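Residue strings, one per chain:
Number of protein chains: 2
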Amino acid sequence: MSELLTTVTALAVAAKKAAREVALASSEKRTQALLAAAQAIRADAEKILAANAQDLAAARLKGLTEAMVDRLRLDGSRLEAIASACEDVARLPDPVGEITESWSRPNGLKIVRRRVPLGLVAIIFESRPNVTIDAAALCLKSGNACILRGGSEALQTNLALAQSFSTGLKALGLPAAAATLLPFTDREAVPALGSLRGIVDIIIPRGGPGLIEAVVQSARVPVIKHDAGICHVYVHAQADLKMAQEIILNAKCQRPSACNAAETVLVDAAIAPQFLPQLGTALLAKNTEIRGCPITRQYIPSARVATEQDWQTEHLALILNVKVVSGLDEAIKHIESLGSHHSDAIITADENVARTFLAQIDSACVYWNASTRFTDGGEFGFGAEVGISTDRLHARGPMGLRELTTWKFEVIGTGQIRS
Amino acid sequence: MSELLTTVTALAVAAKKAAREVALASSEKRTQALLAAAQAIRADAEKILAANAQDLAAARLKGLTEAMVDRLRLDGSRLEAIASACEDVARLPDPVGEITESWSRPNGLKIVRRRVPLGLVAIIFESRPNVTIDAAALCLKSGNACILRGGSEALQTNLALAQSFSTGLKALGLPAAAATLLPFTDREAVPALGSLRGIVDIIIPRGGPGLIEAVVQSARVPVIKHDAGICHVYVHAQADLKMAQEIILNAKCQRPSACNAAETVLVDAAIAPQFLPQLGTALLAKNTEIRGCPITRQYIPSARVATEQDWQTEHLALILNVKVVSGLDEAIKHIESLGSHHSDAIITADENVARTFLAQIDSACVYWNASTRFTDGGEFGFGAEVGISTDRLHARGPMGLRELTTWKFEVIGTGQIRS
Numbered sequence: 001m002s003e004l005l006t007t008v009t010a011l012a013v014a015a016k017k018a019a020r021e022v023a024l025a026s027s028e029k030r031t032q033a034l035l036a037a038a039q040a041i042r043a044d045a046e047k048i049l050a051a052n053a054q055d056l057a058a059a060r061l062k063g064l065t066e067a068m069v070d071r072l073r074l075d076g077s078r079l080e081a082i083a084s085a086c087e088d089v090a091r092l093p094d095p096v097g098e099i100t101e102s103w104s105r106p107n108g109l110k111i112v113r114r115r116v117p118l119g120l121v122a123i124i125f126e127s128r129p130n131v132t133i134d135a136a137a138l139c140l141k142s143g144n145a146c147i148l149r150g151g152s153e154a155l156q157t158n159l160a161l162a163q164s165f166s167t168g169l170k171a172l173g174l175p176a177a178a179a180t181l182l183p184f185t186d187r188e189a190v191p192a193l194g195s196l197r198g199i200v201d202i203i204i205p206r207g208g209p210g211l212i213e214a215v216v217q218s219a220r221v222p223v224i225k226h227d228a229g230i231c232h233v234y235v236h237a238q239a240d241l242k243m244a245q246e247i248i249l250n251a252k253c254q255r256p257s258a259c260n261a262a263e264t265v266l267v268d269a270a271i272a273p274q275f276l277p278q279l280g281t282a283l284l285a286k287n288t289e290i291r292g293c294p295i296t297r298q299y300i301p302s303a304r305v306a307t308e309q310d311w312q313t314e315h316l317a318l319i320l321n322v323k324v325v326s327g328l329d330e331a332i333k334h335i336e337s338l339g340s341h342h343s344d345a346i347i348t349a350d351e352n353v354a355r356t357f358l359a360q361i362d363s364a365c366v367y368w369n370a371s372t373r374f375t376d377g378g379e380f381g382f383g384a385e386v387g388i389s390t391d392r393l394h395a396r397g398p399m400g401l402r403e404l405t406t407w408k409f410e411v412i413g414t415g416q417i418r419s
Numbered sequence: 001m002s003e004l005l006t007t008v009t010a011l012a013v014a015a016k017k018a019a020r021e022v023a024l025a026s027s028e029k030r031t032q033a034l035l036a037a038a039q040a041i042r043a044d045a046e047k048i049l050a051a052n053a054q055d056l057a058a059a060r061l062k063g064l065t066e067a068m069v070d071r072l073r074l075d076g077s078r079l080e081a082i083a084s085a086c087e088d089v090a091r092l093p094d095p096v097g098e099i100t101e102s103w104s105r106p107n108g109l110k111i112v113r114r115r116v117p118l119g120l121v122a123i124i125f126e127s128r129p130n131v132t133i134d135a136a137a138l139c140l141k142s143g144n145a146c147i148l149r150g151g152s153e154a155l156q157t158n159l160a161l162a163q164s165f166s167t168g169l170k171a172l173g174l175p176a177a178a179a180t181l182l183p184f185t186d187r188e189a190v191p192a193l194g195s196l197r198g199i200v201d202i203i204i205p206r207g208g209p210g211l212i213e214a215v216v217q218s219a220r221v222p223v224i225k226h227d228a229g230i231c232h233v234y235v236h237a238q239a240d241l242k243m244a245q246e247i248i249l250n251a252k253c254q255r256p257s258a259c260n261a262a263e264t265v266l267v268d269a270a271i272a273p274q275f276l277p278q279l280g281t282a283l284l285a286k287n288t289e290i291r292g293c294p295i296t297r298q299y300i301p302s303a304r305v306a307t308e309q310d311w312q313t314e315h316l317a318l319i320l321n322v323k324v325v326s327g328l329d330e331a332i333k334h335i336e337s338l339g340s341h342h343s344d345a346i347i348t349a350d351e352n353v354a355r356t357f358l359a360q361i362d363s364a365c366v367y368w369n370a371s372t373r374f375t376d377g378g379e380f381g382f383g384a385e386v387g388i389s390t391d392r393l394h395a396r397g398p399m400g401l402r403e404l405t406t407w408k409f410e411v412i413g414t415g416q417i418r419s
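Quick note, the sequences are listed as chains A and B, same order.
Quick note, the first sequence lines up with residues 1 to 419 if you use my numbering.
Quick note, the second sequence lines up with residues 1 to 419 if you use my numbering.
One chain only, chain A, in its complex shape (with noise of 0.2 Å):
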């Protein structure tokens, strides 16, 4: 076993033992214990901004953009950002021991199915220092443990935060090791945890199309991936042409960056001649790149030709691209074919064409009349957010708390045997 193995090997096993304990606390203990861990966030600030400040000199002295350097840099009110998210997970609905169905047999047995935790969540990511603190307080919440590992530009910031989140376990009995931060960030911590069976419940990769690879090509353990979303509007023959080009604008343009941006934009024939025209000057005015099939072009002379990979491409960025379709059964048919089955709208006055397209596209959120952007936990009303899942098991679209959790049967009798 080699040396980094052994040392994760330690920390998730110590890890689990602490997911046990904060399984079997009460809700009150873990509420207590988010609230003790955002005040000693605030009353860390000047230890975490020192050790932010490692990171971006660091960061610098590697050359990362000044995008890349803003996004791992904290001041006094993102920090209080994160203590005050920390404190509104406190305050969520507790899911664990919540019973979701009950029922008796003829024999009389009582059958009860509770919710429990998933144990220990093994959570890897690569984006801002935000997002240790986000994952140990809903895995808390949820009654679990968990085992961070995060982009090596932010480690420093991570520790610092980490140990503040572990000042609130203590504060209220819990084990420090139920929320672990890996203290190193080498490629071969993820298969090493993926390789803990028995002691890892669950891996979830937030990040990149190389980190979700590495995760799935390793874990032995259950992973629910964070991966693409390559999201459409389809702008039906029947659609509000207002409505369909605000939509669009927001899918597009008001945070390019999200998973649940949209890519393409698919437009009936029929109305693409009065259309068309109209949002190609509205996303210039944005600019935002158009990539456009032939059709698309006559109308916006503007569009750089779409290739075949521009259809399958997550672009992140203010780039769009759009073509003309024939009707409901193509725009179905480029969906289904080329999109991530993550988010995709319709935009259409008619009900049966709508009910049609809910039915027919095969992705975690449909949308009719409204932007692919609320794709959200937040947005959805489940409060907080772990991501969302693009696979189909246990978790599909917004996780929330819920989704943390798995559950029991308890099964009461008097006696009964089977016959």
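Just so you know, these hints were derived from the structure itself, not from any lab.
Bear in mind that the values here come from a model prediction, so they are computed numbers and not experimental data.
Hints should not be assumed to be uniformly reliable.
The list cannot tell twin chains apart, which means a pair is met if one copy fits it or any two copies do.
What the hints assert, rightly or not - Derived pair list, reagent style DSSO-like, types lysine-lysine, alpha-carbon separation capped at 30 Å:
#, residue 1, residue 2
1, Lys333, Lys62
2, Lys16, Lys242
3, Lys110, Lys62
4, Lys17, Lys242
5, Lys333, Lys170
6, Lys333, Lys110
7, Lys286, Lys16
8, Lys17, Lys170
9, Lys110, Lys47
10, Lys170, Lys242
11, Lys29, Lys170
12, Lys110, Lys242
13, Lys16, Lys333
14, Lys47, Lys62
15, Lys110, Lys170
16, Lys29, Lys333
17, Lys333, Lys17
Fit chain B to the given chain A structure using the hints.
Positioned in the frame of chain A, the structure of chain B alone reads:
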């Protein structure tokens, strides 16, 4: 790409295409196809029994035990049971399309969470040929296509059964590929199926440790395991001892080869002198070998010494481990450290003790005063079962039709955009 992988891929791609047709077919059509399949099995009885005779002859040549040959054997009444089970599945409530939740958001968005099929389900099994029809029927009822890989000894029988099932599909205009049996049983088919990301949506292995291990080590698609059951019955000091004995005899002896059969009994020290001699006599009368801790052997002199390995072994036979414990805490510690989190029972008249046991034992099914043998989709009232999941994600414990579905969110707006 190996020839086998090419063939498996081509069959899986065709099955995946069929999955979409099945998912969009009406409930009535899928139900009628199942009834037609049952009729086809009856009409094809002669062909199926002839194929089975081939398998039986080959099995005898290979020197399989009479018990194994018997598991393989079909006759008129066993075949009728297969057809009739297919009709039972047809008559179950259809989970597809069910709305499990719906709510509105303050911005007016209406959100519906609706059950949809998983897609293409791969099931790998080793056991009796009836699983071929069982698995295909459950998948079709839940709107899925399936790709099946059965045991080598039953290949001719399975092919004949799959042929009859496809007659039912075709009678309703559904594609035969919606229930695809691999026409070979090479070991390499397991990693081949597991490599098909984006095509196979889930793999369910049903079988011994070797099969489970082969799937887990090679799969890159989600797996739901149907693994070992090391189940316990804990007899608390406040137990009704007559009830305890009846439950133990049922849990161990009624069908020792089942995963929900008990392997270990824990007995409180306070009642051991009174309870163990009578339990020993009753178990011996059922030809059950006892492997006991030193104290157990004082009260049941015929008991053999239980080794450390025994406490972690799924005997699947008339062998029972018996251990005397100091009380609830030791019992919980034993079960949590040596059990398999499948099904565990406490026998007691003390509700507080029982509630502690139900809360602290982290198993799929926890019992109070009932036999562990009730862990079963039929006994739980699910109508039928794919098996007993020993995983924590998506399905835990008895896995019925609902666990063969996922969901989509349908979001209906009036032009909402995200601010």
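Against the structure, the hints:
{"no.": "1", "hint": "Lys333 - Lys62", "result": "neither (45 Å within a copy, 51 Å between copies)"}
{"no.": "2", "hint": "Lys16 - Lys242", "result": "neither (54 Å within a copy, 38 Å between copies)"}
{"no.": "3", "hint": "Lys110 - Lys62", "result": "neither (62 Å within a copy, 48 Å between copies)"}
{"no.": "4", "hint": "Lys17 - Lys242", "result": "neither (57 Å within a copy, 37 Å between copies)"}
{"no.": "5", "hint": "Lys333 - Lys170", "result": "between (55 Å within a copy, 24 Å between copies)"}
{"no.": "6", "hint": "Lys333 - Lys110", "result": "between (47 Å within a copy, 26 Å between copies)"}
{"no.": "7", "hint": "Lys286 - Lys16", "result": "neither (49 Å within a copy, 40 Å between copies)"}
{"no.": "8", "hint": "Lys17 - Lys170", "result": "within (15 Å within a copy, 54 Å between copies)"}
{"no.": "9", "hint": "Lys110 - Lys47", "result": "neither (54 Å within a copy, 45 Å between copies)"}
{"no.": "10", "hint": "Lys170 - Lys242", "result": "neither (55 Å within a copy, 47 Å between copies)"}
{"no.": "11", "hint": "Lys29 - Lys170", "result": "within (11 Å within a copy, 59 Å between copies)"}
{"no.": "12", "hint": "Lys110 - Lys242", "result": "between (56 Å within a copy, 21 Å between copies)"}
{"no.": "13", "hint": "Lys16 - Lys333", "result": "between (46 Å within a copy, 15 Å between copies)"}
{"no.": "14", "hint": "Lys47 - Lys62", "result": "within (23 Å within a copy, 72 Å between copies)"}
{"no.": "15", "hint": "Lys110 - Lys170", "result": "neither (39 Å within a copy, 42 Å between copies)"}
{"no.": "16", "hint": "Lys29 - Lys333", "result": "between (51 Å within a copy, 23 Å between copies)"}
{"no.": "17", "hint": "Lys333 - Lys17", "result": "between (49 Å within a copy, 13 Å between copies)"}
When the structure is compared with the earlier hints, violations turn up for hints 1, 2, 3, 4, 7, 9, 10 and 15 and for no others.
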